[in-house]
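S.K.: What follows is each chain in one-letter form.
There are 2 protein chains.
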Amino acid sequence: MKGEWYDIFVNQYDKNSPVSYANGTTLAFELMLNHPDKAKRIYLSPSLKRDETYKKLVNLANSKHIVIIENNEKIFKSPWAKDSTFVISEFEKFETKLPSNGNHVVLVNPSNMGNVGTIMRSCLALGIDGLALIKPCADPFDPKTIRASMGAIFALPIETFSSFEEYQKANLNRAFYPFMLKAETMLGAQKITTPFALIFGNEATGLNDNFLSLGTPIKIKQSPKADSLNLDNAAAIGIYDFLNH
Amino acid sequence: MKGEWYDIFVNQYDKNSPVSYANGTTLAFELMLNHPDKAKRIYLSPSLKRDETYKKLVNLANSKHIVIIENNEKIFKSPWAKDSTFVISEFEKFETKLPSNGNHVVLVNPSNMGNVGTIMRSCLALGIDGLALIKPCADPFDPKTIRASMGAIFALPIETFSSFEEYQKANLNRAFYPFMLKAETMLGAQKITTPFALIFGNEATGLNDNFLSLGTPIKIKQSPKADSLNLDNAAAIGIYDFLNH
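Chains A and B, in that order, give the protein sequences. The first sequence begins at 14 in our numbering and counts up one residue at a time. The second sequence begins at 14 in our numbering and counts up one residue at a time.
No lab work stands behind these hints: they were computed from the structure.
Computed footprint of chain A on chain B; a stretch qualifies when at least three of its residues, placed anywhere within it, have a C-beta under 8 Å from a C-beta of chain A:
#1 129-135
#2 138-146
#3 162-168
#4 232-240
Under the rule of at most 35 Å between Cα atoms (straight-line distance), these lysine-lysine pairs were calculated in the DSBU-like manner:
#5 A/90 <-> B/95
#6 B/204 <-> A/234
#7 B/95 <-> A/234
#8 A/234 <-> B/148
#9 A/195 <-> B/68
#10 B/106 <-> A/157
#11 B/95 <-> B/53
These numbers come from a predicted model, not from an experiment. Using N, Cα and C, we set each Cβ at its ideal position, and we do this for glycine too.
Extracted from the complex, chain A is given alone in its bound form:
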């Protein structure tokens, strides 16, 4: 496959490009099972073991009519490619609508791709039904975010909004719980109304004071000795408590 026309395009990830890339076998399966129409090509490295998993991967791609490209080594040297990755999936970016009756997590202006990906993973693992991202925010389709999501980006509904107001207008009938250090209700003491939206602010600045008058602001009990929790840990704790109260 060397010298094909697309060889010169594949190495860079571009935020504005309609395609992105997912590293690893698990993510290739998740992509093909959840969004087969968005999967463009599955690249297999010469170093990939031709074992049972390989056969399953190829069979799944064949059954979904997805192109497989073997032995194109160049793409595995892309700056966003993980060192130990032998499978790379190229796919078209997509939007999914949030389920109107489900419980949401809303991230307002998250800036770190690792955090956004890890929160996708926690939402899916713990049982949240959809994730809203309020712009400006870390690119959900950057290969780094996708990697941190461990494939959750393909299974969890994720919708991007240009402002919190836009999210709110589209999702009126729900209880809002902004997580804020200035809140009065401690996590664990809240009354839970469903469907709900758990709202978290930016890593450095949190949510602004306007959110103090929205729904029931919630505070996670924390030691005064420490800096606040990392965003993805605060979100994991909040989600866990709301779903296992």
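Given chain A, put chain B in place with the hints provided.
M.R.: This is chain B only, laid out in the frame that chain A set:
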């Protein structure tokens, strides 16, 4: 300060070196307040604003007789230096003993420095009294780990052990709660005995089956649709539940 003898040594971080480096103003304060005897030098960038925080930093260093080095630009170009950092602290690595009556988190063979640092931060923020690291494990003193800890490494007792057995021998009188996907007791349903040790395994492999017969193994409720939780998120949820039951 250009041309000083130490200019040629400062740029690399070496796992086996007796010194390490912390990025940022907050960490410089945490270091000088908690371990002034371990602080060797505080480097200030020419780009650091000479404001009230600067004055406090210099006054604290002076009162503790800690060397301040201004305008050594080279160290701010070290591979481990954060782009926007204007303060770097050089310190001697140290060990702290775990408090025998306190509640511990035990990480068995964690491999990711970001996870170890973030878990230090969560332990301190949520109220855990000490963190045990079982070797082989990610270097707790790597500048990446320190950065992720947001200074918690200077305030939280952290002790390293060469095996889990060594930790156990030194910390007999406590209840052990290994977190395992194969456990039968769901988090939230456990009886809590203090002091306790919450035990978490490696990111990829978890804890081995021997831990099923130690204390009360605990499982976090998770959707079958998802890969398991990220280590630092599982730890945050476990710690939160045990301390806010």
